[in-house]
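Visitor: Chain residues, written in single-letter form:
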Amino acid sequence: MPDLSINFAGIKSPNPFWLASAPPTNSGYQVMKAFDAGWGGAVWKTLGVPVVNVSSRYGGVNYRDKRLIGFNNIELISDRPLVDNLREMEEVKKHFPQHAVIASLMVQSREEWHQIVRDVTNAGADGIELNFGCPHGMCERGMGSAVGQEPDVLRLIVEWVMEVAQIPVIVKLTPNISDITEPARAARLGGADAISLINTIQSIVGVDLDLFAPYPIVDGQGTNGGYCGPAVKPIALNMVKNCAQDPHVALPISGIGGIENWRDAVEHILLGASSVQVCTAAMHFGFGIIREMTAGLEQYMTEKGFATIHDMVGKALPNVKHWEDLNLKYKVTATIHEDKCIGCQLCYTACEDGAHQAIALREGTRVPEIIEENCVGCNLCSLVCPVEQCITMERTDDGTEHLTWKERTLANSIPTSFNDERAGGLHHWVPEPTAALGKEKHKTLPGKARQLGQPSPVSTELKS
Amino acid sequence: MAEFPIPASEQDFHANFAQLKPRMNNTEALYESSRCLFCFDAPCIKACPTGIDIPQFIRQINTGNVTGAAKTIYEANYFGNACGKVCPTEVLCEGACVYNLQDVKPIEIGRLQSFATRQVIESDQHLFKPGQPNGRKVAIIGAGPAGISCACELRALGYEVDVFEAKAQPSGLTVYGVAPYKITNEEVLAEIDYLQAQFGFHVHYHSPIATRQELEALEETYDAIFLGIGLGGTNALRLPGEDRQNCVGAVEFIEQLRQHHHRVAVGRKVIVLGGGNTAMDAASESARLGAEDVILAYRRGKDEMGAYEFEYDLAKSVGVKGLFNVAPIEIVGNGKVEGIRFVRTQTLNGQVQVVPGTEFVEPCDMVIKATGQAKQVSFLRHIPSLELDKNGRIVANAASGQTTNPQYFTSGDARNGGAEVVNAAAEAKAAARGIHAYLLGQ
Chain E
15 MPDLSINFAG IKSPNPFWLA SAPPTNSGYQ VMKAFDAGWG GAVWKTLGVP
65 VVNVSSRYGG VNYRDKRLIG FNNIELISDR PLVDNLREME EVKKHFPQHA
115 VIASLMVQSR EEWHQIVRDV TNAGADGIEL NFGCPHGMCE RGMGSAVGQE
165 PDVLRLIVEW VMEVAQIPVI VKLTPNISDI TEPARAARLG GADAISLINT
215 IQSIVGVDLD LFAPYPIVDG QGTNGGYCGP AVKPIALNMV KNCAQDPHVA
265 LPISGIGGIE NWRDAVEHIL LGASSVQVCT AAMHFGFGII REMTAGLEQY
315 MTEKGFATIH DMVGKALPNV KHWEDLNLKY KVTATIHEDK CIGCQLCYTA
365 CEDGAHQAIA LREGTRVPEI IEENCVGCNL CSLVCPVEQC ITMERTDDGT
415 EHLTWKERTL ANSIPTSFND ERAGGLHHWV PEPTAALGKE KHKTLPGKAR
465 QLGQPSPVST ELKS
Chain A
63 MAEFPIPASE QDFHANFAQL KPRMNNTEAL YESSRCLFCF DAPCIKACPT
113 GIDIPQFIRQ INTGNVTGAA KTIYEANYFG NACGKVCPTE VLCEGACVYN
163 LQDVKPIEIG RLQSFATRQV IESDQHLFKP GQPNGRKVAI IGAGPAGISC
213 ACELRALGYE VDVFEAKAQP SGLTVYGVAP YKITNEEVLA EIDYLQAQFG
263 FHVHYHSPIA TRQELEALEE TYDAIFLGIG LGGTNALRLP GEDRQNCVGA
313 VEFIEQLRQH HHRVAVGRKV IVLGGGNTAM DAASESARLG AEDVILAYRR
363 GKDEMGAYEF EYDLAKSVGV KGLFNVAPIE IVGNGKVEGI RFVRTQTLNG
413 QVQVVPGTEF VEPCDMVIKA TGQAKQVSFL RHIPSLELDK NGRIVANAAS
463 GQTTNPQYFT SGDARNGGAE VVNAAAEAKA AARGIHAYLL GQ
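Protein sequences appear in the order of chains E and A. Here the first sequence stands for residues 15 to 478, where the numbers follow my numbering. Here the second sequence stands for residues 63 to 504, where the numbers follow my numbering.
It is possible that some hints are incorrect.
Using 30 angstroms as the maximum straight-line C-alpha spacing, the simulated DSSO-like pairs for lysine-lysine come out as follows [said to hold, decoys possible]:
1. K378(A) x K167(A)
2. K26(E) x K345(E)
3. K80(E) x K83(A)
4. K167(A) x K364(A)
5. K378(A) x K244(A)
6. K364(A) x K80(E)
7. K329(E) x K318(E)
8. K354(E) x K244(A)
9. K378(A) x K354(E)
10. K453(E) x K244(A)
11. K420(E) x K335(E)
12. K80(E) x K247(E)
13. K420(E) x K453(E)
14. K229(A) x K452(A)
15. K329(E) x K26(E)
To be clear, the hints were calculated from the coordinates, so they are not data collected in a lab.
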């Protein structure tokens, strides 16, 4: 039985799943309910300066019939009185002494930082998270992402906090920056114990086509919000990896961004996170999703033989390289498994229009055929294919050769002409431009009644 | 025991004849349209006789452009809504959906199609208008799917169009012959009203064209004449006792049912003779009208029936029993039908042969003959030099629908011998273009 408990920079928690600082952690009621449901920790909705919120705060991105693959908000930090939050925090810790309660904070002056750090420490918080990430509203007042985007300011505030902090301090980073390791390094230099990332991405999730206003709409107008949800996971994973691989950061990472099931959590962990935070999924489906997350994580760890979370943290990092380190001799080719093919021909049209014209159609069958000499092994066909395992990418090099761009550079053998055997290079067949004309017209004349027998185009004007 | 109680009111009738393809709500349409793969050179388009760009209209529904979806449908098929409901989609578009090959439920194309078309019909959103008047006139005989489709296309091309209809309502078998659980009268007529409001063809109801004199008048007044006359009544069996009370033709029975609903009575035990789709309909309908027993009697084996498998399944699902390899030889009874004397048959080298000494009487109190519709041969004889094939179908050019009398064009059941609404819609649209090409050349 694997052990799911963690010790994250000194913050102990029965499992690595924390609720992120957000609406689900707005009250003691919600945090207790979450702990009761099985969550290991909660980062309390950010406490700090008084704020006023607008009505109409969230916007969603749907993909076809799937709701909220992306989500944004223009809500600010907690608008509940600080004393209420502190009292409830204390009450939660009394009921759940083994669970992690982390206080997210955002204030302005050194004195305010000192005071609020002491307040939450007295309330029994197990740790502190500094909200340097909020990309709307608060940043206009010089807080949130305005801090996260200025490494020097970030470092200064971390130093203020560390002057009085007696519990671990996590710095939450904004992704609205070109190099995430800069604020991460600043956090370390300031003395922080850990970092968490990513906060939300500045966004407009959509525009109302009738009102000509961005969502969410407040009295006919809107503003940029903070983007999160499943759609941001790839951005989060990359930033987590960047921080995890940077020797100058060298801090525990709490992974945040698009986590809604055990798989997402494992991916964050394999790229270096040692705790994970969830918000959108809990807002969408409720706290009950924790059952699937812990069960899935436990199953995965059992199957892989990981005894602790620590055993798997960063397991994928050695395989995340720069492009120049990838083996140029590796070659895969698409194989269509005829017995599984349903004949949708999405692979054909995708390769034809979006890749390398390496798939052909044959007379008398809807199963397309790979033109092996044209296939560069880009994966596109296998990605668009709606049938599991119908198109597989098979390795076709013999596995004995290994050559990277870096090695070629060092050996002074980088190419001086376009003579590569892959796409676009010598020996790679590309149709003549004019061969495209008329090809897009479907044989079936859609949109008009089928022509029966020989089609005879008719003019709509009568002869006089 | 009967599967259905005898319907006593319009409400009961609608309960017993609930729509097989009920209207989708917005959420259902969003979910279903999301599943479409947008196949390249899609098999569903190829399977549709009218060649509707199905992936396109489904994508339009999915992106909230329902009006655009309806336009895509109507551009190919003027009976877009009716076809969504009455087409045998199981063997056409939905049967061709690639999901079938993955054992995944095919996209409900028919229901999506009606979802889009119902919306523009109900909001009376016009998508088409007549073309510039070109001064030519075409007469159309029969306001069925063929006649109305031809009328719409001709109006779009600028022709003046008069449709002559013998009955009181337009749309032919769609309102008089299709099973009520496939489409309601109101829905059929609403689509015709919608088309007429846009295209402005004239329909003259209660105006049968039956005589040589009437045809001559049309020939003089109109540049071309389109025959969308369909088929006639049920073929006679020529069996003793066929004239007994409660022995009826399926076409006539269904027409009564469509017009009078629960006020049509069926027997307690009904035998339907035939193995085609009309037989399946008549059997299902008898059961839904509350008959205790419904037997489908066919002179060949079950697998040799002409009906689509899903139509037989539908009949079985309402309690209809099959009686195969039997041939009726007499309708027995005393004034009223009391039974059918059958003889057992066997099929040898494709030929049905009776098995001597195997006669028996199957009791019943109603017989519905679904043994095919007659061709309107005697009427067609009034048209000079109009050729019919050996089955009584009008001979016409495959592309243009032009008959052997160049002034006459035809489509639909009268030409194809009896097919689906969608076939009539496809052929008639092409025939309208054939008329146009012919008149252009004059």
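Visitor: The structure should be examined with respect to each hint, and the outcome stated for every one.
Guide: How the hints compare with the structure:
no. : hint              : verdict
1   : K378(A) x K167(A) : 22 angstroms, holds
2   : K26(E) x K345(E)  : 46 angstroms, violated
3   : K80(E) x K83(A)   : 25 angstroms, holds
4   : K167(A) x K364(A) : 26 angstroms, holds
5   : K378(A) x K244(A) : 17 angstroms, holds
6   : K364(A) x K80(E)  : 45 angstroms, violated
7   : K329(E) x K318(E) : 12 angstroms, holds
8   : K354(E) x K244(A) : 35 angstroms, violated
9   : K378(A) x K354(E) : 34 angstroms, violated
10  : K453(E) x K244(A) : 39 angstroms, violated
11  : K420(E) x K335(E) : 12 angstroms, holds
12  : K80(E) x K247(E)  : 16 angstroms, holds
13  : K420(E) x K453(E) : 42 angstroms, violated
14  : K229(A) x K452(A) : 28 angstroms, holds
15  : K329(E) x K26(E)  : 22 angstroms, holds
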